[in-house]
Amino acid sequence: MKEFKFVNAKTVQEAVDVLAELGDKCKLVAGGTDAMLMIRDGKWNDLTLVNIRDIEELRGIKLEGDTVTVGALTRLSDIESSDILKEHAPCLWGAAQFFADPTNRHSATIGGNVGRCNTVGDTLPSLLCLDAVVTIVNKDGEREVPMSEMLLGPGRTACGPNEMIAKFTFKSQPHSAYMKYGRRRSMALSMAGSAVSIEVDDKGIVKWCRIGVGNAGPKAARAYKAEEAMVGVDLNSDKALEETMYKVIQEDISPRKKPRLSNWISGEYRRELIPVLTKRAARKAAFGECMLCKQEEA
Amino acid sequence: MSAEKIKVNLKVNGEDVTYTINPEDTLLKALRANYNYDVKCGCEIGECGTCTVLLDGDAVKSCVTLAAACEGHEVWTDKGLGENDKLAARLQDAFVECGSVQCGFCIPGFIVAGVGYLKNIGNPDRKMIRNYVSGNLCRCTGYQKIIDAIEKVALEMERGEI
Ligand SMILES: Cc1cc2nc3c(=O)[nH]c(=O)nc-3n(C[C@H](O)[C@H](O)[C@H](O)COP(=O)(O)OP(=O)(O)OC[C@H]3O[C@@H](n4cnc5c(N)ncnc54)[C@H](O)[C@@H]3O)c2cc1C
Ligand code: FES
Ligand code: FES
Chain A
1 MKEFKFVNAK
11 TVQEAVDVLA
21 ELGDKCKLVA
31 GGTDAMLMIR
41 DGKWNDLTLV
51 NIRDIEELRG
61 IKLEGDTVTV
71 GALTRLSDIE
81 SSDILKEHAP
91 CLWGAAQFFA
101 DPTNRHSATI
111 GGNVGRCNTV
121 GDTLPSLLCL
131 DAVVTIVNKD
141 GEREVPMSEM
151 LLGPGRTACG
161 PNEMIAKFTF
171 KSQPHSAYMK
181 YGRRRSMALS
191 MAGSAVSIEV
201 DDKGIVKWCR
211 IGVGNAGPKA
221 ARAYKAEEAM
231 VGVDLNSDKA
241 LEETMYKVIQ
251 EDISPRKKPR
261 LSNWISGEYR
271 RELIPVLTKR
281 AARKAAFGEC
291 MLCKQEEA
Chain U
1 MSAEKIKVNL
11 KVNGEDVTYT
21 INPEDTLLKA
31 LRANYNYDVK
41 CGCEIGECGT
51 CTVLLDGDAV
61 KSCVTLAAAC
71 EGHEVWTDKG
81 LGENDKLAAR
91 LQDAFVECGS
101 VQCGFCIPGF
111 IVAGVGYLKN
121 IGNPDRKMIR
131 NYVSGNLCRC
141 TGYQKIIDAI
151 EKVALEMERG
161 EI
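Line by line, the protein sequences are chains A and U.
Per our numbering: the first sequence = residues 1 to 298.
Per our numbering: the second sequence = residues 1 to 162.
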């Protein structure tokens, strides 16, 4: 028997008041594209559903100076068509192009993608490589959590049961890119994904980079070892890149030599895939396009 | 004890309605329980697109939309669009002219997604049309004729005929 109650929160204040009162006896519903499946599958029950879809103040993309803010209720379709993100965070913009399908993108929100914290979540690698800061609100005010500390495990984030994600903030990073590998262009969850934000000198030598990988382990994560090893590597040289990538990123993604296996993809394949995706994303981020690998259009 | 029903007020196909629903019901369930049988139920997990409706002008999948969350919002289905909207009626005719319909189960979803495309983008570009309706599955036609129909109306729009 399904037993639910419903609250329609129209403002942040209304939502955090309910959250403060009910805590883990309630669940936020934004676009509902994950939530409705949790209900359908019986994973949620005996809860109050708190609709936040209509909280206008949490929707929208802003650029102030070189700081970009994306509200938690911004839909993937808004991200997909945002000129600000196309220029200042092409990784996130690119992730939206390959997210589910255009119809689902009209509902799915970025806050819901992070809230769900599925390792396949397409916006997570980008938010990680952008080093985004997550603003979390609760009844007493707000706090900031860096994206690198936000994701705790499958379905678990640093956002507590009394709290709600309000927005994501990051610095403009025109040299960033996301590469997703899925079975089809549309309606395919990622088999693996990698997002890179990078700075190279005029010879193509890496000055610094940040790498976020999705679906490599139980949660999307930064590849810190690979980030370090990439400094000083020549992005034009296949050999240099491959040596670094293959050696190091595999340590990042499967320290115990047990890559994640799922219905769609074997662990071994994934171990091969992630260094390649990361290499391509790094080149695309630095040079605008990876000569070898224009991600195929429909 | 069964859960308490709630009421949701929304506009469906231009008419103000109040549905009595369970708090967790999908918009799909609420619409069909209130005789909107043109909204088809396929997969119920957001993958097939048969349940596509316009919510405030955007094509969404009603099976992954919380009905209660539609309070105060506006929903259009295939049937309502066909009866009230010239462009949608034209698209429905074009589906017939182009032979786009076989068993027909997927068609209401395709019409709504197609209307979404024509109203929001509208280019007579097959690749863009294909991408836009890529969340709608058809197990009969092989898609070509469905794309033909949407393209046909997009071309008519471009020539200013509608
Ligand atoms: C057919 C289909 C295809 C999909 N394809 C993809 C895909 O290609 N890539 C991908 O990444 N995902 C995909 N998804 C999953 C889903 O669409 C995304 O995770 C989406 O971003 C969820 O957003 P939402 O607004 O619908 O979240 P909801 O379903 O409303 O919520 C998801 C979770 O996040 C919590 N939550 C929502 N908003 C907040 C907030 N502001 N603060 C804190 N917690 C919050 C909710 O309580 C819930 O636990 C797909 C889903 C479907 C049904
Ligand atoms: S029934 Fe909604 S997408 Fe299949
Ligand atoms: S006509 Fe039969 S599923 Fe499309």
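Read the hints as simulated data drawn from the structure, not as lab findings.
We treat Cβ as the ideally placed atom computed from N, Cα and C, and that holds for glycine.
A couple of the hints might just be wrong.
What the hints assert, rightly or not - Computed footprint of chain A on chain U; a stretch qualifies when at least three of its residues, placed anywhere within it, have a C-beta under 8 angstroms from a C-beta of chain A:
| hint | stretch |
| --- | --- |
| 1 | 9 to 18 |
| 2 | 45 to 51 |
| 3 | 54 to 63 |
What the hints assert, rightly or not - Calculated Cβ distances over 12 angstroms to all of chain A for the following chain U residues:
| hint | residue |
| --- | --- |
| 4 | I6 |
| 5 | C70 |
| 6 | E71 |
| 7 | K79 |
What the hints assert, rightly or not - DEER-style ranges, computed between Cβ atoms:
| hint | chain 1 | residue 1 | chain 2 | residue 2 | range |
| --- | --- | --- | --- | --- | --- |
| 8 | U | L155 | A | F287 | 20 to 30 angstroms |
| 9 | U | K11 | A | K2 | 47 to 57 angstroms |
| 10 | A | D24 | U | A3 | 32 to 42 angstroms |
| 11 | A | D202 | U | C103 | 33 to 43 angstroms |
| 12 | U | L155 | A | D46 | 25 to 35 angstroms |
| 13 | U | K11 | A | E242 | 50 to 60 angstroms |
Consistency of the hints with the structure:
With 0 residues having a Cβ less than 8 angstroms from any Cβ of chain A, the stretch 9 to 18 of chain U misses the three-residue criterion, and the hint is violated. Counting residues of the stretch 45 to 51 of chain U whose beta-carbon sits less than 8 angstroms from any beta-carbon of chain A gives 4, enough to reach three: the coverage restraint holds. Chain A is given as covering the stretch 54 to 63 of chain U, and this holds because 6 residues of the stretch bring a CB closer than 8 angstroms to a CB of that chain, at least three being needed. Residue placement check: U:I6 does not keep its beta carbon more than 12 angstroms from all beta carbons of chain A (closest about 6 angstroms).
Chain A draws U:C70 into its interface by the beta-carbon criterion, the shortest separation being 9 angstroms against a cut-off of 12 angstroms. At the 12 angstroms boundary, the C-beta of U:E71 falls inside the reach of chain A, the nearest C-beta of that chain being 6 angstroms off. Distance check on U:K79: its Cβ is at least 19 angstroms (rounded) from any Cβ of chain A, clearing the 12 angstroms threshold; non-interface status holds. With their beta carbons about 38 angstroms apart, U:L155 and A:F287 fall outside the hinted range of 20 to 30 angstroms.
A beta carbon spacing of about 27 angstroms between U:K11 and A:K2 contradicts the range 47 to 57 angstroms that was offered as a hint. For A:D24 and U:A3, the hinted distance range of 32 to 42 angstroms is not satisfied, since their beta carbons lie about 19 angstroms from each other. For the pair A:D202 and U:C103, the beta carbons lie near 60 angstroms from each other, so the given range of 33 to 43 angstroms is not met. For U:L155 and A:D46, the hinted distance range of 25 to 35 angstroms is not satisfied, since their beta carbons lie about 53 angstroms from each other.
Range check, U:K11 to A:E242: about 58 angstroms between beta-carbon atoms, so the 50 to 60 angstroms window is met.
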